[in-house]
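*Asks:* Residues per chain are reported as follows:
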Amino acid sequence: MAGTVIGEGLTVEGELTSDEEVVVHGNLRGTLSSSDAVSVGSGGNVEADINASALSVAGQVTGNVNVAERVDLQAGGRLIGDVKSSRLTIADGASFKGNVDMEV
Amino acid sequence: MAAASIIGQGTVVRGNVRGEGSLAIDGRVEGDVSVDGDVTLGEHGAVKGNVSGARISVAGAVAGDLHGTDAVLLESSARVVGDLGGPSIGIADGALVRGNVRTDGEPAALAGRARSTRSETPAQHEETSAPRAARPAPAPRRTAKKAAPARAKAKPAKAAPRKKAAKRRPPPPVVPALSKRTRGRKKKKKTRR
Numbered sequence: 000m001a002g003t004v005i006g007e008g009l010t011v012e013g014e015l016t017s018d019e020e021v022v023v024h025g026n027l028r029g030t031l032s033s034s035d036a037v038s039v040g041s042g043g044n045v046e047a048d049i050n051a052s053a054l055s056v057a058g059q060v061t062g063n064v065n066v067a068e069r070v071d072l073q074a075g076g077r078l079i080g081d082v083k084s085s086r087l088t089i090a091d092g093a094s095f096k097g098n099v100d101m102e103v
Numbered sequence: 000m001a002a003a004s005i006i007g008q009g010t011v012v013r014g015n016v017r018g019e020g021s022l023a024i025d026g027r028v029e030g031d032v033s034v035d036g037d038v039t040l041g042e043h044g045a046v047k048g049n050v051s052g053a054r055i056s057v058a059g060a061v062a063g064d065l066h067g068t069d070a071v072l073l074e075s076s077a078r079v080v081g082d083l084g085g086p087s088i089g090i091a092d093g094a095l096v097r098g099n100v101r102t103d104g105e106p107a108a109l110a111g112r113a114r115s116t117r118s119e120t121p122a123q124h125e126e127t128s129a130p131r132a133a134r135p136a137p138a139p140r141r142t143a144k145k146a147a148p149a150r151a152k153a154k155p156a157k158a159a160p161r162k163k164a165a166k167r168r169p170p171p172p173v174v175p176a177l178s179k180r181t182r183g184r185k186k187k188k189k190t191r192r
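Protein chains in written order, with numbering that gives the first Met the number 0: chain A, 0 to 103; chain B, 0 to 192.
Heads up, a few of these hints could be off.
Rough simulated footprint, nothing fancy, chain B against chain A, three-plus residues with beta-carbon under 8 Å [claimed, not checked]:
id : stretch
1  : 52-61
2  : 73-84
Think about it this way: if two alpha-carbon atoms lie no more than 20 Å apart in a straight line, the pair counts; the simulated SDA-like pairs of lysine to any residue are [to be verified]:
id : chain 1 : residue 1 : chain 2 : residue 2
3  : B       : 47        : A       : 30
4  : B       : 47        : B       : 82
5  : A       : 83        : A       : 38
6  : A       : 96        : A       : 35
7  : B       : 47        : A       : 16
8  : A       : 83        : A       : 42
9  : A       : 96        : A       : 41
10 : B       : 47        : A       : 12
11 : A       : 83        : A       : 95
12 : B       : 47        : A       : 14
13 : B       : 47        : A       : 83
14 : B       : 47        : A       : 13
15 : B       : 47        : A       : 10
The hints are simulated quantities; they were obtained by calculation from the structure and are not laboratory data.
Every residue, glycine too, gets a C-beta built ideally from N, C-alpha and C.
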């Protein structure tokens, strides 16, 4: 089970720092950094720069993303911002606007 | 359905948390927490800010006010510096609290209205009457302390009020009078010779 869950209907405004998995089904505005994976559920809305080891987006993310391992943009997911990651997958049906830096 | 939210043990939130649904906090929150569901603060959880919710259960540390629309419950491991407010408040043995406790669950501005409406319902009236009884309790203690020295003064006053005054006055003058003169002369003599 995920360490931290921002449930549907919950809004966090500010800085969220974690060393465990973070799941966002609600709203988050500010910055989000985790040393573990971050996933944004289909109802999740994140307006924040994200630092994480891995990121999975099924909802909306607005902000720059800096991820150590991989970013998975799932169908229905929407990501607006620059992505810096060694791996990036964008599923069919996902929307993405921004630059990609894969650290080649 | 407003899903349950969890702020895990390794998570720190600097900012406000608000919204619907219940919230469990095992990490740290530096900001206000306002939820319309229940708030459960675990033993490792810490909040630096005000917390409001339906039913607030605290086993961790809070530096801020707690306001529960249903209840505020402090477990034995709770450490709270702040005010507690709610229609029902429970404090377990071992919990540490520093702050005001209001069982009427209304802010101070609405307290007058709340009391007038509550007098209609007997159950709530008992709750409100309890803190009222508790408040005057410290007053007699203070007066008792003041009364005790007053009696001591009164007893010699009955025998001889002037002597009592005379007894009081001598000690302060005697000590400085003797000490000032004697010390001054003795020291000067000793040091010079």
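*Asks:* Evaluate each hint against the coordinates.
*Replies:* Hints and how they fare:
no.: 1; hint: 52-61; verdict: violated (count 0)
no.: 2; hint: 73-84; verdict: violated (count 0)
no.: 3; hint: B:47 <-> A:30; verdict: holds, 19 Å
no.: 4; hint: B:47 <-> B:82; verdict: holds, 13 Å
no.: 5; hint: A:83 <-> A:38; verdict: holds, 16 Å
no.: 6; hint: A:96 <-> A:35; verdict: violated, 25 Å
no.: 7; hint: B:47 <-> A:16; verdict: holds, 16 Å
no.: 8; hint: A:83 <-> A:42; verdict: violated, 24 Å
no.: 9; hint: A:96 <-> A:41; verdict: holds, 18 Å
no.: 10; hint: B:47 <-> A:12; verdict: holds, 15 Å
no.: 11; hint: A:83 <-> A:95; verdict: holds, 14 Å
no.: 12; hint: B:47 <-> A:14; verdict: holds, 14 Å
no.: 13; hint: B:47 <-> A:83; verdict: violated, 34 Å
no.: 14; hint: B:47 <-> A:13; verdict: holds, 14 Å
no.: 15; hint: B:47 <-> A:10; verdict: holds, 17 Å
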